[in-house]
Structures are given as C-alpha cells and as structure tokens.
Amino acid sequence: MSRISSIFAQPGHKAFIAYVTVGYPSIEATLSTVSLLAENGCDMIELGIPFSDPIADGVTIQKASFHALKKGVTPERCLAVARKLKQQVSIPLTFMSYFNPILHYGQENFCNDCASSGIDGLIIPDLPPDEGGELESLTQKHNLDLIYLLSPASTEERIRLIAQRSRGFIYLVSVTGVTGARNALPSDLEIFLRRVRKVSKLPLCVGFGISTPEQAGQIATVADGVIIGSRIIQLMDSGEPNTAQQIQAFARGVRRELDQ
Amino acid sequence: MTAQDKPSFVSSSYFGQFGGRFAPETLVPALDELTTAYKKIQGDASFWSEFDSLSHDYSGRPTPLYFAEKLTGHCDGARIFLKREDLLHTGAHKINNALGQGLLAKKMGKQRIIAETGAGQHGVATATICARLGLDCVVYMGEEDIRRQSHNVFRMKLLGAEVFPVSSGSKTLKDAINEAMRDWVTNVRNTYYLLGSVVGPHPYPTIVRDFQTIIGKETREQVMVKCGRLPDYIIACVGGGSNAMGIFHPFLKDPEVQLIGVEAAGRGIAGGKHAAPLIAGSIGVLHGAKSYVLQDEAGQIRETASIAAGLDYPSVGPEHSYYKAAGRIVYDAVEDKDALAAFLLLSQIEGIIPALESAHAISYACKIASSLGKDKIIIINLSGRGDKDMDIVSGAMEKKQ
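Top to bottom, those sequences are chains H and S.
Mapping to the numbering used here: the first sequence position 13 is 13, numbers consecutive.
Mapping to the numbering used here: the second sequence position 109 is 109, numbers consecutive.
Same shape as in the complex, but just chain S (with noise of 0.2 Å):
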C-alpha cells in the first residue's frame, strides 16, 4: 500500500447528521492534535511504509480468501469463501487498527497508551503492539467481561499491560470506554487514546476505519483472482463495526455487491435483551458521537445482552448509521443460540473454530445461502478465532443438555 492508495481524509466530522464531536471541552484540543497528526501521514511514505512492512512481516498480512467447499456443500446454495482474519497475529483483526495507531501514537511522541476492550481481542491486540514498540499500555475492561474473557486478561498482563477491572453500570464494553474516556480526561496531556472500533468522536471513526480498509482491499483483489468478478453479498458482524467498515468500505461504489452487517439479538430483539442498536435503536450520543444507540423513554443508555462481548454495545459507529440510513448497508440480527450453531458447525465441518461475534456472521449467512444458486458468491469475513471463547461454549452447552 502507498500513499496515494489511502482513502482521502474526511475533513468533516459528520457522515451525513451522524457523527460528530460530542466529547468535554478538555478532549477537543487533543482530538484536534490527532486529526492533524493524522493528516500529516497521509503523504509519508516512511509512516505508511514501516505499516505495511509489519502489517506482512508482524500481523501476517495477506489473510487468505478460502473458498470454504465443506460449508458450501452443508448450506447447499451460495459459493461461501471466509476471509480469514482470525489467523493474524493476536486471533482478530484488532491488530491492524492497533498497529496503525500505535505507529501513530509514536510519531506524535506519546508513551503512554490507553485502551477499552470487550471480549479482550482489542485488549490484547493493543497490549501486543505496545510491547513491540516499548509504549507503556493500560487496558480498561469491563468486571462482566473480565469474567467471562479470563484468558485474554492473562494475556494481556503477559504482554506487559496493566488491566483495570471497570465496575460501573453493566460492567460491559460502554463501561470500560467511559472508563477510558475518564482516565484520557485527566491524563489527555500525555496519552494516546488508542479506540477499538469506528465510534467515539471524529477522527475516531475515521482512523479506525482507514486503517481496516486493508481488509476490503485484499479481499476486492482476492475475489477477481479466484472468481474473476465481484461478490454477491458480504457479510460480517457488527458491535461497534470495525471489521465490517472494513471489508465493506472499498466495495460501496459497487451497487451489485449486497452488504450486510449482522448484530447481536442476545436472546431475542422482542424480548429487549439484546445488543442491536441498528435494528431496534434509535438516534442518540453515546460516547463523543451521534448515531443509533438503545436507550429508554428518558434517554438513558439501556443494558446490553449477547454471548459475544466484542458485540456487546449500545451504539455502533456512526458512519454504519449512515449507510444503514441511506439504504446502502442492510443490517439484521442473529440471537446467541444460532451464533453458537454456527460456531459449532464451522468448527465441525471445516475445522475452523470462529470467534462468537463472527460467528453471527457465518448463522446469517448460511441462512441466506441456501435460499440462494450455485452461481452466487457470498463472503464471510472471519474476524476472529475462537480460543478465547471456550469457557462460554463449553457453559453454554452443558446448559444445553
């Protein structure tokens, strides 16, 4: 990738009405210091070509295109292939946006790095890019997550981070992001913000996206090679929307290819415990940015639900709001029983054990691709693996018998 390559900066702070700067006046001088920073690597060759080198060398970029046939053939429809971002460094594709802000948060002289994390694949991700670059990292996470995400949490502290158990509210993902924003509030004059997903206030949603993109674009010259045309549909998981703005963004200017982001229906949308802000939210702040958020009558945030806590969230990047309001991006939901299906299907019968949010993404596509003719080409993009969810599998399928 070089410089002309990259998307050009988005000056405004809005995608249409979403978006936006809704972030304490002490933040606004910082995210003004980010937005230039960010802008200034846009034309240096040497900032881009140290990512791309790590990108290759660090974090094992190119992922493959796999053209999953056992999938194919169960489903019996659609040509599925999986881009396999579980098989990076760290088990996500967390680590192409940490990567990139960390290389960001060195060239603007920061040493000290701070960072939310839900299921703990950020977390780790960052913890993993500090160590490599000698930053000094604090991870805020959630009581509940750290729960149910233990193994991520040793990680992390392996890797030399130091973790803070957050206990306010839910005690999920919101929680450790407002914890983060606190502790970035009162050390904002030698802190780097290194934010997890495309939310929060502009540049945030921004950066994270652009340093993502690298997904879509591998995957738009993967496809030609092996099917010799674009996709029919592209499918992934949304909680805040980071892997999905980023393997859908190079392919917006392609009215054929049919984008669909699949949030978490936790038990169920009727039933209200769930975490799908797009498809039963409303328009609100949350976190420095407007977009659709799940709150109550009075405007307070609502509690979330889902197996997958890198899902777990009230909002969702509000540049996916945008997309979702102008028809391009279709967005629905799959509940945790299904997820945990697929989960187990793909571990079955392809030997691929997905993390619980891609999962999501594999239940609503196999779903679609039945319905759908062997000539049409479906892509999944695998945005983890799944090591990190074996006590909640396991649980869940010894309640299960």
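Only chain H is shown next, with the shape it has when bound in the complex (with noise of 0.2 Å):
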C-alpha cells in the first residue's frame, strides 16, 4: 500500500488535502505553512510547482505562481523544499505541475529525483491518461502514485477508464471550471460521486472551489477526501500579522467538520 493510499486506510477516516505554491509568498512562507497545516490535521500536502501557464487555475493560484516565478522558483527548488519538509512533516507530499516543466526536465528524471526527495504522488492537471502512458510506466517504477482528475462532465467511459488508471485516490473537480474558491458548492456533486463510486473502489476526493470547514464537512459525507487550495493561499496572502493563527484556526476549523 502507497503512503498516500495509507491515509484512507483507517474507515470513516476523511482526508483533508492542502495545496500551496511553492515559493508563495516567499520559500520560508511555504516550509512554515506545511508544517503548520501537518500539525493542525492536514492529512497530505499538495506543492504547486509554478507554470508560466496555467490554463486549469483561477485568479488566486495564477497570482500565485506569477508571483513564484518572479523569485525564481523552478522544479529543481521545488524537489529542495521537499526534501526539506521530508525532514519537518511525516504526511505524504505530492506534486501538482502542468506537463511541460516535466516533459521539459526529462520524465524519467523527474520522477528518480521525485522519488529520491520523498515525494509520494503527482497530479497534472493537463494530462489526462490518454496521454499519460508514458509518465504512469515511470511513476509506478519509481513508486510514486500518477492522480488523474475526474470532472462532471466526464461520460462513464472516461469514468471507468481514469478508475482504471489513477493510483492513490482519484481527483474530483466539484464544477466544470478553474480553480478558486467559491461561495457555493455545486448542487448536483453528490450524483457524480455516486457516478464515480459505482465503478470505482479507490478513494474520491474532491477539490476546486471549496472555501470554508463547513463546506468541507458538508462535502466529507459523501466524499473520502476534500482539497483545498485557493482559500490558503488567500489566507497566506492576507498580510496581517496573525497569518499563522488563521492558516492553524482555518486548519483545525477543516479538521473538526471532517472528523464530525
């Protein structure tokens, strides 16, 4: 069993999911919040390494990785920080990249220094199985999960194909749309859960769009797993003082409604 699959293993436990750019605000900013959201309940990290473009994210990530790029922040810092954070935190880390930076670092490459700097698992949001072959060969050589996302507009044989092909936990996008989040939750996401759940045994978790712990709890009884990442880059953007006690009360906020 992976490390990321580990998280799911104990019943009725509900994962929470946290995604933060790496470099945002600054590289100390992204090791200090990690461990932060691991010691308040988070139960796996997702590290945004920042595309020039990011065709599947909304204002707040694209800021975001605007704003990393301008430091200076490339793949190889991004596998820094995580061998870092190996060091700080015991949850599994994984990497959320568009396809490019790790076509153009070299695919088996990537996934040896990947693997080498404790990374568990790699999302990617533009590269759905049809394309992925390649990449899932070396992930599983490398023992890394290869998360494919599933969206509602999915039909059922996209459903079946990416149950068959995702490892960890499948991905699912709660609306048709971008990153970022959003007041409201869509109303038909308990349908495409159990859309997903007739074919598939794996975790499902779901991501895009959801804001507060309440949202989270309200998702979590139909779901094995929510993520999050929009909201706790805003909150990392606030640029008040008391940042860490939001991030910790936000964190903790989740935990509490999940584990309801």
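Some clues are possibly wrong.
For lysine-lysine, the following DSSO-like pairs were computed, each having C-alpha atoms within a straight-line distance of at most 30 Å [unchecked claim]:
1) LYS70(H) x LYS171(S)
2) LYS70(H) x LYS273(S)
3) LYS171(S) x LYS71(H)
4) LYS84(H) x LYS71(H)
5) LYS71(H) x LYS273(S)
6) LYS273(S) x LYS63(H)
7) LYS337(S) x LYS171(S)
8) LYS63(H) x LYS70(S)
The following residues of chain H were derived to be distant from chain S, with all beta-carbon distances above 10 Å [as the list claims (entries may be wrong)]:
9) ILE27
10) SER35
11) PRO75
12) LYS141
13) ARG160
14) THR176
Please keep in mind that the hints were generated in silico from the structure rather than gathered at the bench.
Only a predicted model underlies this, so the values are computations on that prediction, with no experimental measurement involved.
Ideal Cβ positions, reconstructed from N, Cα and C, are used throughout, including at glycine.
With the hints as a guide, bring both chains together as one complex.
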C-alpha cells in the first residue's frame, strides 16, 4: 500500500488535502505553512510547481504562480523544498504541476528525483490518461502515485478509464471550471460521486471551489476527502501579522468538520 | 467543393510525435464531441454546400492569384505571384476557418461562441460570422494587443461581440488563449471554442487546416491555368501557422514545390526577442499540443516579441513541427525591420498594403527571388491586408526619422 493510500486505510477517516504554491509568498512561508498544516490535521500536501500558463487555475493560484516564478522558483527548487519538508513532516507530499515543466526536466529524471526527494505522488491537470502512458510506467517504477482527475462533464466511459488508471485516489473536480474559492457548492456533486462510486473502489477526493470548513464537512458526507488550495493561498495572502494563527484556525476548523 | 474532395479525416490525434490532447479532463468530452461532429459533417452535402455558397458570395472566394509584375521587376529574378487572401471579407484568411467552424457550431446546437485573438483578425472574422449566423460571441484579447490593434477592437464591438481584455502574463495571444480555455472549461456545456489557428488539442489542428486548405486548392488550379505548371516555391508567414498550412497542404506530395514558412525574428534571433519557435525553440507542450515551443531552462514558456501581433506566439501548430522534423517544409525567420521594409515596398510599388504578418513572407520572397532565374515561379500567400497596422507602422516610421 502506498503512503497516499494509507491515508484512507482507517475506516471513516476523511482526508484533508491542502495545496500551496511553492515559493509563494516565499520559500520560507511554504516551509512554515506546510508544517503548520501538518500539525493541525492536514493529511497530505499538494506542492504546486508554478507554471507560466496555468490554464486550469483561477486568479488566486495564477497570481501566486506568477509571483513564485518572478522569485525564480524552478522544479529543482521545488524538489529541494520537498527534501526539506520531508525532514519536518511525516504526511505524504505530492507535486501538482502542469506537464511541460516535467517534460522539459525529463520524465524519467523527474520521477527519479521526486522519489529520492520524498515525493509520494503527482497530480497533472493537463495530462489526461490518454497522454499519460509513459509517465504512468515511470511513476510505477519509482513508487509514485499518478493521480488523475475527473470532472462532472466526464462520460461513463471516461470514468471507467480513469478509475482503472488512477493511483492513490481520484481527484474529483467539483465543478466544470478553474480552481478558486467559491461561495456555494454545486448541487449535482452527490450525483457525480455516485456515478464514480459505481465503477471505482478508489478513494474519491473533491477539490476546486472549497473555501470553508463547513463546505468541507458537507462534502465529506459523500466523499473520502477534500482538497483546499485557493482559500489557503488567500489566507497566506492577507498580509496581516496573525497569518499563522488564521491558517491554524482554518486547518483545525476543517479537521473538526471532517471528523464529525 | 464537394464532400468527396474533403481531406480524409485524421483519426489519430498525432502528427508523428507532435500534437495530442494535453487538456484538462473537463475538456476531453467536449473535444470528443467536436471530433464526432466534425466526422459527421464530412459526408454531409448540405453542410458543404452552405459552406461553399457562403465562401463564394459572403467571404468573396475564390481569391485571385495575382502576378505581381512590379515586385517581380523590382527583385529582378523569379516571377512572383500573390495569393490575394487580403481581398477576403474582413481582410484576411481567418474568415475561412471562422465560417467553417461557425457552421459546425450551429450544427452542434451551440449558441455561445468564444474565441481568442492576437492581431484581431480572427476575432473580427469570428464576430462577423457570429453576427451572420445569429450566435453570441465573446472574444479574449491581450491588453497589449488591444492597445496596438485598437481599430479591430472597435470593429468586433460594432459587430456585436463582447471583447474581454486579458491582463495576465505577456498580455498577448498566448494569454488570450489561456483565458479562452479557462472560459471553455467553465462553460463547456453550452459553449463552442472557435480556435483561430492550427494549434490547440486534437482535433483543432486538423479542423482548422481543413477549412484553410481551400487556399492551396485554389492556388493549384490557378497556377496551372496561368503558368501551366506547379510553382517552384510557396512562401507563407507562420505564427500559429493556419494560412501557411492552408496553402501548403495541397502541395505536400509535390516534391518539386519548395514550401517555406517564415516566422517572426522580431528584434533578432540572437537577442532572444522574437517569436520563432521552429527556428529557436525546443519540443514542449503548450495549449494542449506537443510542438516546438519557446521555453526557458525550467520549462516555463518564454515571452515573445514581434511587430506583428498575429505572429507573436511562443508555439506553433503541431503539423508544422512534424513537417519541419520530416524536412518537407523549410522554415526561416524575418526581423521586424525587414518586414516593415517589405510592407512599405509592396504598398509603394504594387499599391497593395499587406498585413505586417504577411510582410514577413514578402520580405523573404524578395530575398530569394533576386537570386533565382526568371523562369522560376514564387507564390506568396498574402494572408491579410494591412489596414489594421496603420498605427504600428506610422509609429515605427516616426521612430526611424
């Protein structure tokens, strides 16, 4: 069982997965925020490798990515951050990256370096399974989980394909759209989850648009975990001196709602 | 054109190792739906008869193949012909694709059309077709391009389109495509993305190419009538590469015809301020396709520079990458200053004001024409007219003085 799968091993435990853009607003902030999240109930971290053209991201993560790129964040530096984090936290770490930086790094080298830096899995929003064959065999060779995404627009055929190919869990995009905190959750989420459950035994985690502990709790009644990104970036963004307390309170709030 | 003349549909999403469908999962069902709809119209005589009829009476096809006698005399070498896409309705070849895809969207029952635009030519063509077909139209355009092509922004609005400025990244065509894709991901159930060049995820490079091959098919017939033989060279500018692929494609199997694509060398390849991925790029993935891309050592997409907004793009259609790798099409690049000189030359000696994009092809053609014998034939795809470029050119001329 992979380290990511083991999150879901305990019956009834709902996973809290948090996303941060590496280097936003600084490498130091990434390191301290991840530790803080891990200490306050987060089960897994998605480390975002910034990309110049993030077509699946809304304004919050776009801005964070451009900022990180201006500060010179590269895949190499993200790997170095992972190595540091591995000494600070024990929860699984994944990279969220667009495909081009990985392709340019070299898929084999990238998987090799991920494995040796303590990365457990990869999430690539512009790599559907149809194009992921090569990376899939490389990730398996290096004991990394390649986590695919599903969308409410996915057909039954696509659901079957991704259920077959995804490792660790399936990332369910809550809405047709880009990342970003939203006020209301889509009403057809439950139907979507039911459609996927019918064909897959994999854990199902829902991301995109979740911005409050209450929403997280609501989703956890039907899903195995929630993924929260933009809201955490916004909290890091507030510029107020008590950012750390705010993130702590938010993480604890999410944990509490998930455990109810 | 009848259904039987249509190029057979390429069911593979790849051209050799290039192309593919590197798109968010949300878009995959929409791309499948588009592929199916496009296959369906291949044998649909009523679709093609409407396309042909509107191409003829509305867009103004066929466009002439014009013997540029004065330009030929000036270069004192090969005979130069211009394929006059600049004479089309809305002023560029872009209307061919906008009309084809607009009709396809209508067939698919999509009421809301989105598009990206660089120079504004594709945006204007899309807004025009949407007005004609009664479809809603949203155009994404980079702020930098809005500034330098303001004339076209007004035209789009006049035609009833909503124009959304894009302020992220380099604020040019690349960023407009990013934003259009974000819109499509969000509104995928009721929206048709009318992509303007032979780029993007499968099936777009194939669809756009097919609607543009009318340029090459006409050229072939016309040069046979005028010269009794195929040309020695065909030269076209390449940004995303739709006008070039459109004129080249019907000649790919004629080895005696040399096909040359001209990218934008901007302020010079050596200095890095250019838009020439086929000349100075490496293989990467952008906007859903694997192709040549301008990127830095960390795989981030580089900013581009060109006097021609329509060429200002860091990648290129995957089919171009394929024919570059295969050696069938030769690619080169022309700098801003040479494109500008060709713009002025054609205006002054032929009375034809070309688009700055097309001026890159003219510049290159003039260079080689002089070294060729008078029995040789060069065809330049004059992909658009230069009315939109008055501000840029007058600004550049003032700077020079």
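Against the structure, the hints come out as follows:
Only pairs whose Cα atoms come within 30 Å are accepted, and LYS70(H) paired with LYS171(S) is accepted, the gap being roughly 16 Å. Taking the CA atoms of LYS70(H) and LYS273(S), the gap is about 19 Å. The hint holds against a cut of 30 Å. With a C-alpha separation of about 20 Å, the suggested pair LYS171(S) and LYS71(H) falls inside the 30 Å cut-off, and the hint holds. For a cut-off of 30 Å, the pair hint linking LYS84(H) to LYS71(H) stands: about 19 Å separates their Cα positions.
This hinted pair checks out: LYS71(H) and LYS273(S) have alpha carbons roughly 22 Å apart, not beyond 30 Å. Distance restraint check for LYS273(S) and LYS63(H): the Cα-Cα separation of roughly 25 Å lies within the 30 Å cut-off, and the hinted pair is therefore satisfied. A hinted pair counts as satisfied when its Cα atoms are at most 30 Å apart, and LYS337(S) with LYS171(S) qualifies at roughly 23 Å. Between LYS63(H) and LYS70(S) the CA atoms are separated by roughly 53 Å; this puts the pair beyond 30 Å, and the hint is violated.
No Cβ of chain S comes within 10 Å of the Cβ of ILE27(H); the nearest lies about 15 Å off, and the non-interface call holds. The non-interface label for SER35(H) is consistent with chain S: the shortest C-beta to C-beta separation is roughly 26 Å, beyond 10 Å. With 10 Å as the threshold on Cβ separation, the claim that PRO75(H) sits away from chain S is violated: the shortest Cβ distance comes to roughly 6 Å. No beta-carbon of chain S is positioned within 10 Å of the beta-carbon of LYS141(H); the least distance is around 22 Å.
No beta-carbon of chain S is positioned within 10 Å of the beta-carbon of ARG160(H); the least distance is around 13 Å. A cut-off of 10 Å between C-beta atoms contradicts the statement that THR176(H) is not in contact with chain S; the least separation is 5 Å.
Checked against the numbered hints listed earlier, the structure breaks hints 8, 11 and 14; every other hint is satisfied.
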